[in-house]
Amino acid sequence: DAGVTQSPTHLIKTRGQQVTLRCSPKSGHDTVSWYQQALGQGPQFIFQYYEEEERQRGNFPDRFSGHQFPNYSSELNVNALLLGDSALYLCASSPGPRGSGNTIYFGEGSWLTVV
Amino acid sequence: GNSVTQMEGPVTLSEEAFLTINCTYTATGYPSLFWYVQYPGEGLQLLLKATKADDKGSNKGFEATYRKETTSFHLEKGSVQVSDSAVYFCALSDGVTGGGNKLTFGTGTQLKVEL
Chain F
1 DAGVTQSPTH LIKTRGQQVT LRCSPKSGHD TVSWYQQALG QGPQFIFQYY EEEERQRGNF
61 PDRFSGHQFP NYSSELNVNA LLLGDSALYL CASSPGPRGS GNTIYFGEGS WLTVV
Chain A
1 GNSVTQMEGP VTLSEEAFLT INCTYTATGY PSLFWYVQYP GEGLQLLLKA TKADDKGSNK
61 GFEATYRKET TSFHLEKGSV QVSDSAVYFC ALSDGVTGGG NKLTFGTGTQ LKVEL
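In order, the protein sequence lines correspond to chains F and A. Numbered according to my numbering, the first sequence spans residues 1 to 115. Numbered according to my numbering, the second sequence spans residues 1 to 115.
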């Protein structure tokens, strides 16, 4: 049973460019969330997708957008990259968007460096 | 809004020492509480969770009890090993108003265990 898988694992982009990160949720999970973890900090919630729609959003600008596909996989897009966007981007999946007791599984993350 | 406060690290202990990492929270409603662990260069792994007051989560010798009266969820282990060296994150998930499965994290506590 594959867990949450993310790609790419590492990438380097130039300021002003755009990046797309990809995530496949754990088998049986239909809800995907994205988090940004800056160095030395805890993860910060970006947004959550369920039934191909954005259901919740954290305090991130519109440069951060996403998409969920019919097979529940998801993409995170960041436009007009800033140096401050350098971080580990974590994808998390869960069986449904509600129910605070659900175990949320995380992928290994995508390390983004903006130069 | 929701928030999680953890004791600052790094925490350095000798092998077989007793570990406590303090965590307190502020939340609306009745959150579920989690401890996640992050080993160097890896994503987050769920260590344990508790979904209601007075519940005790436990795993791999680690324990934490959900204390509603003190809004705390302190992590403990009776005898740490070198392999426990990692960053530990306390988190909550608030099921009120459909906010389930959105995690709010603390800043993390780095634990270093020495021989």
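No lab work stands behind these hints: they were computed from the structure. Model, not experiment: these values are computed from the prediction. For glycine and all other residues, C-beta sits at the position ideal for the given N, C-alpha and C. Errors might be hidden in some of the hints.
In silico contact screen, one side only, chain F against chain A (beta carbon under 7 Å); selected entries [said to hold, decoys possible]:
#1 His-10
#2 Thr-14
#3 Gly-16
#4 Leu-39
#5 Gly-42
#6 Pro-43
#7 Phe-45
#8 Gly-84
#9 Ser-86
#10 Asn-102
#11 Phe-106
#12 Glu-108
#13 Thr-113
The following residues of chain F were derived to be distant from chain A, with all beta-carbon distances above 12 Å [what the hints assert, rightly or not]:
#14 Gln-6
#15 Ser-27
#16 Gly-28
#17 Glu-52
#18 Ser-73
Hints versus structure:
{"no.": "1", "hint": "His-10", "verdict": "10 Å, violated"}
{"no.": "2", "hint": "Thr-14", "verdict": "24 Å, violated"}
{"no.": "3", "hint": "Gly-16", "verdict": "28 Å, violated"}
{"no.": "4", "hint": "Leu-39", "verdict": "11 Å, violated"}
{"no.": "5", "hint": "Gly-42", "verdict": "3 Å, holds"}
{"no.": "6", "hint": "Pro-43", "verdict": "5 Å, holds"}
{"no.": "7", "hint": "Phe-45", "verdict": "5 Å, holds"}
{"no.": "8", "hint": "Gly-84", "verdict": "17 Å, violated"}
{"no.": "9", "hint": "Ser-86", "verdict": "16 Å, violated"}
{"no.": "10", "hint": "Asn-102", "verdict": "6 Å, holds"}
{"no.": "11", "hint": "Phe-106", "verdict": "4 Å, holds"}
{"no.": "12", "hint": "Glu-108", "verdict": "4 Å, holds"}
{"no.": "13", "hint": "Thr-113", "verdict": "14 Å, violated"}
{"no.": "14", "hint": "Gln-6", "verdict": "8 Å, violated"}
{"no.": "15", "hint": "Ser-27", "verdict": "17 Å, holds"}
{"no.": "16", "hint": "Gly-28", "verdict": "14 Å, holds"}
{"no.": "17", "hint": "Glu-52", "verdict": "16 Å, holds"}
{"no.": "18", "hint": "Ser-73", "verdict": "17 Å, holds"}
Checked against the numbered hints given earlier, the structure breaks hints 1, 2, 3, 4, 8, 9, 13 and 14 and satisfies all the rest.
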